[in-house]
Amino acid sequence: MTRSDWRSRGHPAYWAFLVHRVSGLLLALFLPLHFVALGQALAGEEALDAFLAWTERPLVKASEVALVFLLAAHFTGGLRLLVVEFVGWRRESDKAILAAAGGAAAFCALIYALNLF
Amino acid sequence: MSARAETLAWLAQRASAAILALCVTVHLATLIVAVHEGLSAAAILGRTHGSVTWAAFYVLFVVAVSVHAPLGLRTIAAEWLSWKGRTADGACVALGIVLLVLGIRAVTAVTL
Amino acid sequence: MPAPEKLLHVSVWRGTAAGGFRSYQVPRQDAQTVLDVVTWIQRRIDASLAYRFACRVGMCGSCAMTVNGIPRWTCRTHVARVATGERLQIAPLANLPIVRDLVVDMTEFFDKWARAKGGFVPTATRRGDFARVRPDSTSRRAVDAAIECIGCAVCYAACDVIAWNPAYLGPAALNRAWTLTRDVRDGARRERLAAVAGDAGCHACHTHTLCSERCPTRLSPTLSIAGLKRTTALATLRGEL
Numbered sequence: 000m001t002r003s004d005w006r007s008r009g010h011p012a013y014w015a016f017l018v019h020r021v022s023g024l025l026l027a028l029f030l031p032l033h034f035v036a037l038g039q040a041l042a043g044e045e046a047l048d049a050f051l052a053w054t055e056r057p058l059v060k061a062s063e064v065a066l067v068f069l070l071a072a073h074f075t076g077g078l079r080l081l082v083v084e085f086v087g088w089r090r091e092s093d094k095a096i097l098a099a100a101g102g103a104a105a106f107c108a109l110i111y112a113l114n115l116f
Numbered sequence: 000m001s002a003r004a005e006t007l008a009w010l011a012q013r014a015s016a017a018i019l020a021l022c023v024t025v026h027l028a029t030l031i032v033a034v035h036e037g038l039s040a041a042a043i044l045g046r047t048h049g050s051v052t053w054a055a056f057y058v059l060f061v062v063a064v065s066v067h068a069p070l071g072l073r074t075i076a077a078e079w080l081s082w083k084g085r086t087a088d089g090a091c092v093a094l095g096i097v098l099l100v101l102g103i104r105a106v107t108a109v110t111l
Numbered sequence: 000m001p002a003p004e005k006l007l008h009v010s011v012w013r014g015t016a017a018g019g020f021r022s023y024q025v026p027r028q029d030a031q032t033v034l035d036v037v038t039w040i041q042r043r044i045d046a047s048l049a050y051r052f053a054c055r056v057g058m059c060g061s062c063a064m065t066v067n068g069i070p071r072w073t074c075r076t077h078v079a080r081v082a083t084g085e086r087l088q089i090a091p092l093a094n095l096p097i098v099r100d101l102v103v104d105m106t107e108f109f110d111k112w113a114r115a116k117g118g119f120v121p122t123a124t125r126r127g128d129f130a131r132v133r134p135d136s137t138s139r140r141a142v143d144a145a146i147e148c149i150g151c152a153v154c155y156a157a158c159d160v161i162a163w164n165p166a167y168l169g170p171a172a173l174n175r176a177w178t179l180t181r182d183v184r185d186g187a188r189r190e191r192l193a194a195v196a197g198d199a200g201c202h203a204c205h206t207h208t209l210c211s212e213r214c215p216t217r218l219s220p221t222l223s224i225a226g227l228k229r230t231t232a233l234a235t236l237r238g239e240l
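Those protein sequences? They're chains A, B and C, same order as listed. So for the first sequence, numbering that gives the first Met the number 0 puts the first residue at 0; every next one is plus one. So for the second sequence, numbering that gives the first Met the number 0 puts the first residue at 0; every next one is plus one. So for the third sequence, numbering that gives the first Met the number 0 puts the first residue at 0; every next one is plus one.
Chain A with its partners taken away, still in its complex shape:
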């Protein structure tokens, strides 16, 4: 059998699926690290501060912005899925909803990035 290629998938809802899946995957990989980092506070404020100093590096800050985007995107994309599955789906409004979801996620990441300075 043949398989569909990229020409069949150039479609907003498909990108939304991919973003949702990849963001979920990356967030799931990040989560244990996040918990361990916060767990540093068990060793006292100084231990947590030492870790936070490490996060001041530009590459880490950039990753933080990316993570905020991933979280917001997974969230807004997930809201759309909850609406599709429990309320309904309409061909005409799907593109607008996708745009709103993407926009909201980008907005969150932007606000976070701006607040870094």
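If you're looking for bench data, these hints aren't it; they were derived computationally from the structure. We put the beta carbon where it would ideally sit given N, CA and C, even for glycine. Don't take every hint at face value.
[Unchecked claim] SDA-like cross-link-like pairs, simulated, lysine to any residue; straight-line CA separation at most 20 Å: (1) Lys-83/B with Lys-60/A; (2) Lys-111/C with Thr-1/A; (3) Lys-83/B with Trp-163/C; (4) Lys-60/A with Val-62/B.
[Claimed, not checked] Interface residues of chain A toward chain B, partial, derived using beta-carbon atoms under 7 Å: (5) Ala-27; (6) Leu-37; (7) Asp-48; (8) Leu-51; (9) Ala-52; (10) Phe-74; (11) Gly-77; (12) Cys-107; (13) Tyr-111; (14) Asn-114.
[Stated by the list, open to error] Pair by pair, the computed Cβ-Cβ distance ranges are: (15) Ala-36/A with Arg-85/B: 32 to 38 Å; (16) Arg-85/B with Ala-61/A: 39 to 45 Å; (17) Val-58/B with Asp-110/C: 31 to 37 Å; (18) His-48/B with Arg-140/C: 54 to 60 Å; (19) Gly-102/A with Asp-143/C: 32 to 38 Å; (20) Gly-14/C with Ile-96/B: 51 to 57 Å.
Got chain A; can you put chains B and C on it based on the hints?
Same frame as chain A, but now just chains B and C:
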């Protein structure tokens, strides 16, 4: 898994998603405020130390994500790694437990 | 003297899964459909080209093929709309075994229809009165919105989940099962819900919406499958599943 079990897994995923929707909204707002004020141990712990509200909130957050993340990874494993069945389900449960333990530890660290 | 012809460069899949694309030059015509192109090749260049068609007017769905990567009804696809710079690529539908050239084996597609319990199970006999179903009732409107499927397999070919999960019943089978779930006369609700739940059923749908995007009859398997998710969830919570 049986049709009933799969449907329950789907329900658990959506229910945890709904809870996470609330938690993530609060968390995103908190992140933005926190980073605006500057990330230091004193700032973070000053907010959360001894707070029953924050403890309750984060425990709810941790429980919900310990259900949601493994179920999501299980689907990816089944579809993209062709990893299904007992071992995959076992790994899913194990991951849930790991996240729960590390998560509660982190909540304890910042609220006690 | 006829004016010099404009030529289409057409790439057509020949052979089985182990086959490949072969090139043909076909004269361009006005109002030419992709089915016209395939027919021209078979009649004028290579009589061994295998393909399916029947009505030629967008009613039967037999002529479904992959055109420039997208599954379509070739009798309803104008060359002018899809040819990129006088080039066309025609292949058999994806996700189904290739018999030969542009012909796919539809057995699995219809087997899954049966597996999803996509057939009406009557409860009345000829001795009873006619069933009374109001056409404006919510349940009947839900059925009407999804009932026009002619089983062309375009949605099945468009679905990515089938490629990752060969057991997945697919959009058409699930769409039909949904209409029966909403049919007040049907008598196999329990068996059908059990058949469509699970990771080969509605729960494997990830809302790519490619099925609804490509359906030539403008149906929404996306909507139907979401309905099945809700129905199976409710049935599970009630202990019916």
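Here is how each hint holds up against the structure:
no.: 1; hint: Lys-83/B with Lys-60/A; in the structure: violated, 37 Å
no.: 2; hint: Lys-111/C with Thr-1/A; in the structure: holds, 19 Å
no.: 3; hint: Lys-83/B with Trp-163/C; in the structure: holds, 12 Å
no.: 4; hint: Lys-60/A with Val-62/B; in the structure: violated, 27 Å
no.: 5; hint: Ala-27; in the structure: holds, 4 Å
no.: 6; hint: Leu-37; in the structure: holds, 4 Å
no.: 7; hint: Asp-48; in the structure: holds, 4 Å
no.: 8; hint: Leu-51; in the structure: holds, 5 Å
no.: 9; hint: Ala-52; in the structure: violated, 9 Å
no.: 10; hint: Phe-74; in the structure: holds, 5 Å
no.: 11; hint: Gly-77; in the structure: holds, 5 Å
no.: 12; hint: Cys-107; in the structure: holds, 6 Å
no.: 13; hint: Tyr-111; in the structure: holds, 6 Å
no.: 14; hint: Asn-114; in the structure: holds, 4 Å
no.: 15; hint: Ala-36/A with Arg-85/B: 32 to 38 Å; in the structure: holds, 33 Å
no.: 16; hint: Arg-85/B with Ala-61/A: 39 to 45 Å; in the structure: holds, 41 Å
no.: 17; hint: Val-58/B with Asp-110/C: 31 to 37 Å; in the structure: violated, 48 Å
no.: 18; hint: His-48/B with Arg-140/C: 54 to 60 Å; in the structure: holds, 57 Å
no.: 19; hint: Gly-102/A with Asp-143/C: 32 to 38 Å; in the structure: holds, 35 Å
no.: 20; hint: Gly-14/C with Ile-96/B: 51 to 57 Å; in the structure: holds, 52 Å
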